[in-house]
Structure formats: structure tokens, C-alpha cells
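J.: Now for the letters of each chain:
Protein chains: 2
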Amino acid sequence: MSEKESNKGSFTLPGEAGYEKLTLKLAEKWGADAIRDSDGTVLSDKIVSTDYDIYSTICLVRADNTWAKANRDKLQQNYLMSFPVTAKSDKVEIDLLSGFFREQFEVNFNDDPKKWWQVFDRTADEEVPKNQWTFDSVKGTVTINKADKWHKYTVNFLAYRIWEAISMYNHITNNWGDREHQMPVDPIYTETQKFMLDYLQKWLDEHPKTKIVRFTSLFYNFAWFWGDPSIQRFTYADWGSYEMTVSPRAMRLFAEARGYEMTSEDFVNKGQYCSSHNVPSKRLLDWMDFMNEFVVSFGRKCIDLIHAAGKVAYMFYDDHWVGTEPYGERFKNFEFDGLIKCVFNAFEARLCSGVKGVKTKELRLHPYLFPTGLKGEPTFMRGGNPALDAMRFWANIRRGLLRAPVDRIGLGGYLHLVQDFPDFVETIEQITREFRTIKQFHTGSKPYTAPLKAAVLTAWGRLRSWVYVGHFIHGMELYELTESLAGLPIEVSFISFDDILDKGIPDDVHVLLNAGRIGSAWSGGEHWKNEKIIDNITQWVAGGGGFIGIGEPSACQFSSQYFQLSHLMGVDREIGMTLNKVKIDVPVFKDEHFILNGIEGDMDFGRDIDKVYALDKNTTILSRNEESVKIAVNNFGKGKSVYLSGFKFTPENTRLLHRSLFWAAGNPGDYGTWTCSNIRTDCAFYPNTKKLVIINNSEKEEKTKIFGAGGKTIETSLEPYAVKILDL
Amino acid sequence: MSEKESNKGSFTLPGEAGYEKLTLKLAEKWGADAIRDSDGTVLSDKIVSTDYDIYSTICLVRADNTWAKANRDKLQQNYLMSFPVTAKSDKVEIDLLSGFFREQFEVNFNDDPKKWWQVFDRTADEEVPKNQWTFDSVKGTVTINKADKWHKYTVNFLAYRIWEAISMYNHITNNWGDREHQMPVDPIYTETQKFMLDYLQKWLDEHPKTKIVRFTSLFYNFAWFWGDPSIQRFTYADWGSYEMTVSPRAMRLFAEARGYEMTSEDFVNKGQYCSSHNVPSKRLLDWMDFMNEFVVSFGRKCIDLIHAAGKVAYMFYDDHWVGTEPYGERFKNFEFDGLIKCVFNAFEARLCSGVKGVKTKELRLHPYLFPTGLKGEPTFMRGGNPALDAMRFWANIRRGLLRAPVDRIGLGGYLHLVQDFPDFVETIEQITREFRTIKQFHTGSKPYTAPLKAAVLTAWGRLRSWVYVGHFIHGMELYELTESLAGLPIEVSFISFDDILDKGIPDDVHVLLNAGRIGSAWSGGEHWKNEKIIDNITQWVAGGGGFIGIGEPSACQFSSQYFQLSHLMGVDREIGMTLNKVKIDVPVFKDEHFILNGIEGDMDFGRDIDKVYALDKNTTILSRNEESVKIAVNNFGKGKSVYLSGFKFTPENTRLLHRSLFWAAGNPGDYGTWTCSNIRTDCAFYPNTKKLVIINNSEKEEKTKIFGAGGKTIETSLEPYAVKILDL
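Protein sequences appear in the order of chains Y and X. Under numbering that gives the first Met the number 0, the residue at position 564 of the first sequence is numbered 563, and the numbers go up by one with no gaps. Under numbering that gives the first Met the number 0, the residue at position 716 of the second sequence is numbered 715, and the numbers go up by one with no gaps.
It is worth saying that the hints were derived from the structure and are not from the lab. Fair warning: this is a prediction, and the values are worked out from it, not measured in the lab. Each hint should be verified, as a subset may be incorrect.
Identical copies go unnamed one by one, so any copy, or any two together, can satisfy a pair.
Straight-line alpha carbon distances no greater than 20 Å define the calculated DMTMM-like cross-link-like pairs of lysine to aspartate or glutamate that follow [to be verified]: (1) Lys300 <-> Asp288; (2) Lys193 <-> Asp44; (3) Lys28 <-> Asp89; (4) Lys647 <-> Asp609; (5) Lys452 <-> Asp669; (6) Lys647 <-> Glu698; (7) Lys7 <-> Glu625; (8) Lys647 <-> Glu625; (9) Lys210 <-> Asp607; (10) Lys689 <-> Asp609; (11) Lys616 <-> Asp227; (12) Lys704 <-> Asp669; (13) Lys269 <-> Glu525; (14) Lys531 <-> Asp419; (15) Lys689 <-> Asp303.
Based on the sequences and whatever the hints tell you, model everything.
T.: Structure (C-alpha cells):
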């Protein structure tokens, strides 16, 4: 970097008792201003007595195992669907926890199973009448009498969680041996609330040196069901699902407040649970809203105690984040002082940056100081290369930080693990310096952003802005798309179908995007049967709006079309229902088109949607994959649409998306300002300070040309992953 | 060939007036015993006065254009769905024939449009009330008033066909210039019936030399809608669809006979028409049965006249075959003497061979003696290689003929075209000799067939045995599968879901196959929601039956599973609804498995179904494609199942299928007898005559080992495409 670098502040270091010298040495080297503990580590007096801000983690729901053990009826619960069992006679006995991790779950026989459970014949898709099954609390089984032979049966049952998911993960990942299993208590009970507030007050009194109280996080973990370890470690994981908020008491309170009762099947949903990928039902959205109301209300009581103790409260935007909804209307009511998000990518940085109602935003960088990463790959152990991992993650995150600021960064885990990795220590120093430099440019200034606003349409809308659904999905079109969007110099928003029904497409939006597979919450599923949605979008595009559809946009098996907006895109998909319809043969457009200008080589969209065909001679096909349309553009009235058969976060596709947005918006002339010729580089211009930041996202040296305002161009070259700052 | 060859008989030659010398020379060389005319050719007196059987084509529905022109209200009709038009205001005018070939269709305004037509809002999926639209017979339009702006509208309307489809195709393909367009008349009217019978009688009287009267074919063409030539030549083509049988009179007769009325939408079906690929509705099956009853009844009257004239009647199993249903119960009632099928492949040979109730079966070989083939590719013109084409087609057809016999072969088209292709003349001579040799082995003898009966389960069952749906579909799993099956030494049958509901799975069946994409008639669509089907198949497999599922077998978005037989196959497919369900990681089976034994290299299944995962640790995964299961086997009770993620007719896949059938049937020990080691060769043993026929299906020399009964093996090598006969 050519710029004078800031080398102090905005960095949170994980300290570790027993490694005081290392802690203080790295605090100095990395310019830390705060030292934290982690799950599994403590800070010694020697550390907490320094001048660094002390930053302590607390997770109230697993804070006191003694209380939990004494109140096992107040442990957190959830519905599970037993694994399907095929009836081999007219009697089926189902071992409820078979296939699940028996150290995580215990069947709840305290709340009347006949009231709270449901048994289903999943072959016939019918509920089994309650008088046709019995349960055995000693054996942990349900027996179905008068079963239909060869049908598959499942039981929706309530289970207590007897091992809190995150500490279970940390325990197993880090081999904590016979350390006691922490159990999660449920604040839905007034007794638990009293205990938690008392505990918190006592904890605050006992932590006078702590400045920052970090909740890890509040009360309910994202859904994470583990399996029988002899079969599979995990069976279900969803970062956005409310499965783990359920209990009979919460369901009773819901019924009182909302006037109707939820059923087990509302949560189990044929075994699909309340997956973020599926279009949420109105009932599920009601439940989420109800739990959010509760979590904000009780969470605020906790935060009030912290503030009264003269400390500040931060929330970790992972783990027990469910119910907090940082993109919901109530989030500001918490009065949190800070929000921390662990990140691998630009879209996660944008996710954190975009939250309203909280002052300080902090990113927890990967890799964590753990021996292995989230997928079990070696990190701080033989075979790992944490310095390279850190730089690769940072290069992605940095793209997002050019566009939208956060306030702090930091690490987590066991500090002593870095001792064998000196190159990691150097890389983190470099990252902290780069972070502070980029941060300072955002102070009192905004980077140049093109006059283009894109709105991503999903069934979730703003509530699942940036579409973060956990660590387990790859190749999902919209997930890849948001990563590309996160680094573009444009405005991005997220809207839902209900938003369009309520208020239409916002006036300031230029381009609407819809991406994903049929039936998913991202594409929109059954919402596309609503003619008002079609009318609204069609009217808006006819009037000059832009539409970009990716994968199976507007897809729904309904009426005569598969893509319900096929008339806008000029393409539809053959799913086998119209195989004998002969498709119009439209040749690939020969001339260079604006959206592909300057992009070399074949586009890799990952797993493209196949069998897409032109509906009309006037559809312009820019690329085909075998016989299927890969890229098409089309005019409708005054508006324009782009269809892409898939999407993957690559430099080529990011450029294609960037150009498509301007073309669809009808103002391609505005595209050029403050862009780079080299697709592996990005730049941001900060007009107030006239600073131009150029980054190299690749692991090779890159030459690039930057197109400034008024036709000015600047040529430069950058070392691998380098940042360059120019004063203009 | 080592065997003494028959060189005379069983061959039909297309003669051509003006080329009498050539006709007689080739009749001699190819050993013809019959000479035919073709559509567009006539036979001269010199030819018809020879000793050859004279074989004349007749197509009664387009036989006399003078009568047709005088009876335009009795032309054949069909429903068309106008191309969708998006409303840009509250009034939409639709030009009904826009997008269609105006030389093929003329809107029928004679039968009251308000009674027979329907207008649909395809955005809302609702019919537009009849009082909200008007029609203009001069302009050929329908106008919708009070339209919803931006909705897509279509009109189901009746159109007369003013150019008969096959003669239109021949006319355009062979540049017949200003020759008059032949129009098809509809025998549903008693006047037309009288005209046709009179015409036929007169024709018979005028053709004393004709021995064989070949119908090309009876009354109703397979559905073939042509498009505006400036946009696309064809818009819809389905070999099995009854679209072209429709008329107001037929619909009235149907209502009288069956007690309810068909509607235009029963045929138009959202624009999907009555495609063979889609699961037929009960109403459609009723209509087909009704028309079949009519076609057989009136067809028999025609055939009676022929028999009374001392001639024999053959039917061409293409073109106007609709309504005849050779695999239906009534077919024998026609009393046809012969059936002719044009063929490229083994499954078509089996299709013809398997018809009951007709004595003589004849194959019309490709290529036709036309300048271009069915896809417009050069054949008998510069750039064509008709000799190679003929040998390649024959090599495929021959595989089927080893297993099941036909009686004759022949050619069609313009004989003079062969003059420039002497190698074609030689190839056909070779083919005729091979055909006669193979035919003689079937006389009074059956080839060895393993004690294994496979039943292919589709929504059509026996009616669409061998799944022939026209020339336009490639890569369809079941189409490729039937081609493999057609050459295997096993018994093959086709059954429907209704068959299973009525009678269960037949006792003599060992293996049930289900193949295709979700929703299709081949896979079965909504039939898989029927628990009785699931019960029946599950019970049968549990008792020892075998199941082979290919692509999306038993797929239906219903209840908790996607493959409704996932419990049998041990695999299911992720379609995006359970993305956050973590799939069990089952490693690929390391040892050699029976079904893959001796097959080298990767299997190419064409476009595999993706995202298939193991449901259980006990599922045996034999191959994966990226992360998706490609081949899996599973046990259920006493039965076995095989799952393949796709299928393509290749030597490797044919062998895999062959072995899978024996494994699934539970008797792999029976596999070996009379099989070849080399997957590019096949053999058939005829026990009565102790002849062993070995064929080389490849264009290279091949060595192979034949495994006889009792452990005996024979080694041999064959020239490209060669046949070898051994006496054992």
C-alpha cells in the first residue's frame, strides 16, 4: 500500500490465559484495542488488568448448568420428525430418536404426546388418528396400530435439547473430553427469565473490567439437528430456521396472542422443516413475528441491565441469533451497541454493514483459531495454510468493504495456535492495516455509487437480505449472485412479493432481479401464481423497468407457461410437458452485445438450467449451452430483460452481471464511470477525499485500467491480492 | 455370411414409371417379389404387367380433391390454440392463425364459435366468459373485451385442414411446385363414408393387376401442426396424438355414446395438446377409445371391399395410423392382411413384430429414396452417403430381428435416385440376403430366450408398447431404454398403472422397469400419488420382485418423498425443498458388482438426473456423478432394486441393463447362456435348427466369445457390421 497506514485500533484480539505474553505481543503487533475471551477460553487477571478494552462473551441460555439440571422441564425444545419407517405388518413400532444424536435430544413425554404430537402416513400423505397410536415413555417409542402395510410412517414429537448445539460443536471439534455438556434453558418461562436476569446482574457485578458484553448470541440457536454418529454427524442445519424456538408454552402464548394454534406439522412440514430455502407459509411468518416480539422484549431487559452497569452490549450475528432479526423492524428496540458477524465473503460483510439501529459493526474474520475449519479441513494443524486462507477470505470480504463500511474486525479461538504459523501473524497484520485504511476513507464520505438501484425479489424480502442461509449450500444461484452484487458500485435492496402487493415496486428501483430454482423461497414458488404480481412487474417493465432472471426465475408449474414472466424474458423452459412442441430456432446473435463486451472466454454458470428455449424470433440469444439458451436479452414495451441460465461468483460473471444491470436499466452509458478494465480488479472512488482505491482480487499480478469521470483513464498494475491507493 | 443365402422373395421394391428397365433390373438384383408405387410415383403398364405382385398405395382421405373441394365443410379439422397475446390495454385482438401455416389451416367459422371455442386468460388460468369476446370471420380474429391488461390470452378454435399433412410434407420436400394441394376429408360424415366406399370400389375395379392394397394409412394423421414458414416450419408433432380426429360431429357422437361432452380444452390442454409424453386423462382415453371404435368399424367396411375384390389389404403403421391402435383390442377386427412399419431402429422392428391379429409384417427401411432425410439432411444428393446410412440403420434393426421376426422388408421413394449411388445398390442386396437368412431361422423355431420377463410400467401401458412417439425426441430415457431392450434375449412387455390396479403385477413378470422424467406419461406422473400402486409394487418387491428405476422413476412431488418408491431404491432426489437436510455420505462400493462386471470405462447416461442421494447407509452406491448417485442397488425384503440416473443406448449401457435385469430378478446365474463377451456383438441361438447367429453392431472388426449352454464357449471374429452363422 502506498498510503500511510493506520496501525492501531478497531481490532479485537482473542486473548488466552496461560499465554499472556503472546496475547500482549500480538495485541501490539495487530494494533488491537480490545481483548476478548472465546467459548472455551478465559482471560487471566494479567490480561484484564491492561488498558485494552475487555470484551467478554456470555451466552445466558447455557450459562449455568446447575440451574439447567435442576430445571430440566425448562430446557429448550423442538419438534423432530422421526425417520420414516415402512410398515411390514399392520403394526409399526417407531424408535423416536433412531437416527438422531441421543446426546443432543431427549424425548419430551412431560407435555402430553396426544396433545402435542402428530403421526403421519407419509405414503398416503394423511395424519393417523390419535386413537390409532400409542406411546411408550420407557422405550421412547410410538406404536401405530392398524397400519397400512408397506406405508411409511413418521412421528412429529417434541424433544428437549440436552446438549446446547454450539458448545456441543466446539466440544467435539476441540476434543473437550469429559467436560460437562451444557444444556440450553428456555427464557419462555418466567422462572427462566428471572434466573437469567439475576445471573446476568451477578455476572456484571463480577466482571468490573469488562467493557463490552458480547452475547453469543441471545436465546435461540439456528436449527441444527445432529444425527446418530454411526450414520451421519448432521441431519439438518438451517441458519434462518425457527425450529429451535418451539415449546408447548410458546405455542400456547402464540395461540393467545394470534388467535389460532400452530401444529407440529407447521414446523415439521413433511420433514422439510421450516427451511429458509422454502417459501414461508403465512403461519410460519406469524410464528417468526411472534418469537421476534418475545426475543426483542426480553432481550431488551438484559441489555438494560448491561447499560445500567455502565457497559456496552454487542450481539454475535450467528449461533443463537434466531428471533433477533437484524433486518426486522424491531431490531432497533434492543438498543444494542454493537453487532458482530463472522464472515468469509463480501455478502456477509454487506449483511452486517446494512443493519440499522446499531452503532458499531464488527467482522469476525476466518479462519477461526481452531485446528480445523467448519468442514473439518485442517487449519491450524499440519496440512493447513491459515495465512493463505485468511488472505483469500479477506480478498473477498474487502470487495464488499470498498462499498459499505464496518467499524471493526477481529478474530476468535485459541491464540496459542498461531505460534506455529508466523506467516499467519504477518498476514493478519497486513489485513488490519488494510482494513483501517479502507475504513478511514468511509469516514464522512461515501464512495462513488452509480445511479442504479437493483432490487432482489425473494419470498423473504428484506428479512433475509443478502440471502445468508448457512455454510452448507454451494452452487445456489442467488447465494453466488449476492456475492457478485456485494462488490458492485451500485445500490442493492431486497424486496418480497408481499412488498410488491402492498406498495408496488419502489420508485427508485431500476432493475428487479429474481434468481433460483422452482419452488424455492428465492425464486418465489407459488407467489408466481398471483396474477397481481405478474401484472405489477409487467406494467413496470413495460414502462421502462429492467428485469434480470437467473436460473428458474418466476418459475411455477401453472397454466400455460413455466416461467410466469416468460413474456418479459422471451424464453421459457421445457420441463417435459410440451416435448412435442417444436421450438423456434433462433440463431445466436453474431455481433458483440453490450452485456458481453470485453468479457473473454466461456462463461461458467455452474450447473445451468437446461432446456430453455426462445419463445419468439425477436428474443436475442447471446449464448447457448448445447441446445439450451444460456444468455438471452429481450425488449418488452420500454423495458428490457436479461435471462441467465445460472450463476456462479466468478470475475467474468460479475462483470456480465454488472453490465447486464446497466443494460436492463436502460442506461448503459452510465456503466463506465469508476470501473476497471481488468475483471479481476475492482476500484472505489471516494469523492470527498479524492482517494481512489484499487484492489487486486486475484493471486496473480494484474494490470488494469481505471475509467474515471469525464473520460479520464488511469493505468496501473498490482501485486497479488494487493491494494493501491491513489490521490486524484 | 457363411450360410447359403436366400436371394429371392420377401422384398418390396418401389417401381417408377419412366424407369422400367431400372425397376426390373433392381427387382432382380434385390430379389423383389412385389413392386409398389409411392406417394408421387406411378407404375407404368410395363411394370404392372410383370409377374411381380403389384402393390398399390391408396389414401382414401386425400384420394379425390374434386370431391374435397366440393365438400369443404367435410374437411378434417382440429383444435388449435392461438399463440399467446399479451393484453396491452383492456381490449385484445387475436389473429387466430398468426404463427401457423396458413396453407395448412383455415379457421372454421361454420360451426358456431360461441359453442365450440373457448378463450382463456393464461396468466390467471381462467376461461374468459363467452360474452366477453367476439369473433370476426372476415378478419379471422377474436377480440377480448374487458381484458386484464398484461395478461396473456389464447383462443381454442376449430380449424379445417386445407392441405393434407403428409402430401404437404412430400410436396415441399420434393419441390412439387404448383401441383394442387390435396385436402383431407373426414369419414365421420356419412356422406364422406359413402363417397370413400364408392371411390374405393371404383379404384379396385380400375386396378385389376394390383394384388396388395396398401392403405397410407387409414383416416387420421398423427398430429402435425405446421408454423408460419417465416418463423418455423413445424410447431407441434406427436405420432400418438388424437388432435387430428376432432370435429363437432365427432364430439356430438361422442357425447351421445359416452354420456358427457368433451371441450376444446380437453384437446388443447393449456397448449400442451394431447402429447404422448403427458399422462393421458381419463377423458382423453375415452375419446381415443371412441375414435378407435369408429376407425375400426368404418375401416373394416373398406377392407371388406378389398377382400371381396380378391385382393389383400395392408396398413402402413405411420402417417394416418391414428385411431387404428395396433396394440389395442379391436385391431384384429380390421382383418388386415399385412402391416408395414417404417423403421430406423430395433424397437420399431419389435413394435411391428409384436402386433397381433395380422399375418404379414413388413419393414420399410430407411433411408427413403428421397434427396433428403426427415431432418432435411442430404441423402440421395451431393453430401449424402445412403449406403452407410442404410447399413447403420440395418445394424440397429437387425438386433431386434434376431429376437422377433417380421415377414418382409422393402423400400419407398423414387427409384431413379439410386442410379448415382452404386454402393447403395450393393448394400441393399447384402441387407436383403441377411434379412432372408435371419427370417428363415425364425420359421418354425424360436431363438433361445432367457427365463426372464421384464415389464415396462408407463401411464400408457400396452397401447404405447415400445414407446414410439415420433422422430423428434432424442435423449429421452425410456426411448433409449426400449432400444436396448429390443435386442436382449429376454421377454419384454408393457403395462400401465391401471393394469396394476385391475390385476396386480402379472405373475410371470420378474422385473418391473420405470423410466423417465417427473410428470411424464413414461414415468407416470400423478399415478404415483395412488397409494394402491405403491402398496402393490412394494408388496411385490418385498416378495422377491425386481425393480429397475431410471432417471426419475416414481417421481411425484407428493408428501415426504420425491421418488415415491425411494424405500425400494434406497435413493431419493433433492429438488430444492430439503436443501438443508444433510445427506448421508455413503462411499462408493469398492468391489466389483455383478451388474458392472466386465464393463469397462465410464458409463455415459446422456443427461443424468442430478442431486440423487442415498437415503440409508445400506444403499449400495456403485457410481457417482459429482456428488450425485449415478448407479445404486438396494435390497428390500426378498426383492432387489437398481437405480440408474439416466440411460442412453450404448453397448456399455445395454450390457449394464442386461446384467441389472438378471440381478434384480434374483437369478444372476441365468445371465450367461447365449451371451457374448464383446458388448458390441450380439448372438441368438435357434435350438430347433441349432443355428447360432452372431452379429457385429460396430463399424470395426470385433472379436468376441459366445457363452453357450453348459459352459461351452466359442470364439470368433467378425468384419464390420458382419453376420456370422454357425451350425452347432
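J.: A separate judgement is required for each hint: does it hold in the structure or not?
T.: Now the hints, each set against the structure:
1. Lys300 <-> Asp288: For Lys300 and Asp288, only the intra-copy Cα distance (19 Å) is at most 20 Å; the inter-copy one is 74 Å.
2. Lys193 <-> Asp44: neither (30 Å within a copy, 111 Å between copies)
3. Lys28 <-> Asp89: Result: close neither inside a copy nor across copies, 71 Å intra and 71 Å inter.
4. Lys647 <-> Asp609: Answer is both: 16 Å inside a copy and 18 Å across each meet the 20 Å cutoff.
5. Lys452 <-> Asp669: So Lys452 and Asp669 pass the 20 Å test inside one copy only (13 Å; across, 69 Å).
6. Lys647 <-> Glu698: within (19 Å within a copy, 42 Å between copies)
7. Lys7 <-> Glu625: neither (55 Å within a copy, 47 Å between copies)
8. Lys647 <-> Glu625: both (19 Å within a copy, 17 Å between copies)
9. Lys210 <-> Asp607: neither (51 Å within a copy, 58 Å between copies)
10. Lys689 <-> Asp609: Cα proximity of Lys689 and Asp609: none, with 47 Å in one copy and 51 Å across.
11. Lys616 <-> Asp227: Cα proximity of Lys616 and Asp227: across copies only (12 Å, versus 56 Å in one copy).
12. Lys704 <-> Asp669: Cα proximity of Lys704 and Asp669: one copy only (17 Å, versus 71 Å across).
13. Lys269 <-> Glu525: Cα proximity of Lys269 and Glu525: in one copy and across copies (17 Å, 18 Å).
14. Lys531 <-> Asp419: So Lys531 and Asp419 fail the 20 Å test inside a copy (61 Å) and across (65 Å) alike.
15. Lys689 <-> Asp303: Classified as neither: same-chain Cα gap 42 Å, cross-chain 97 Å, threshold 20 Å.
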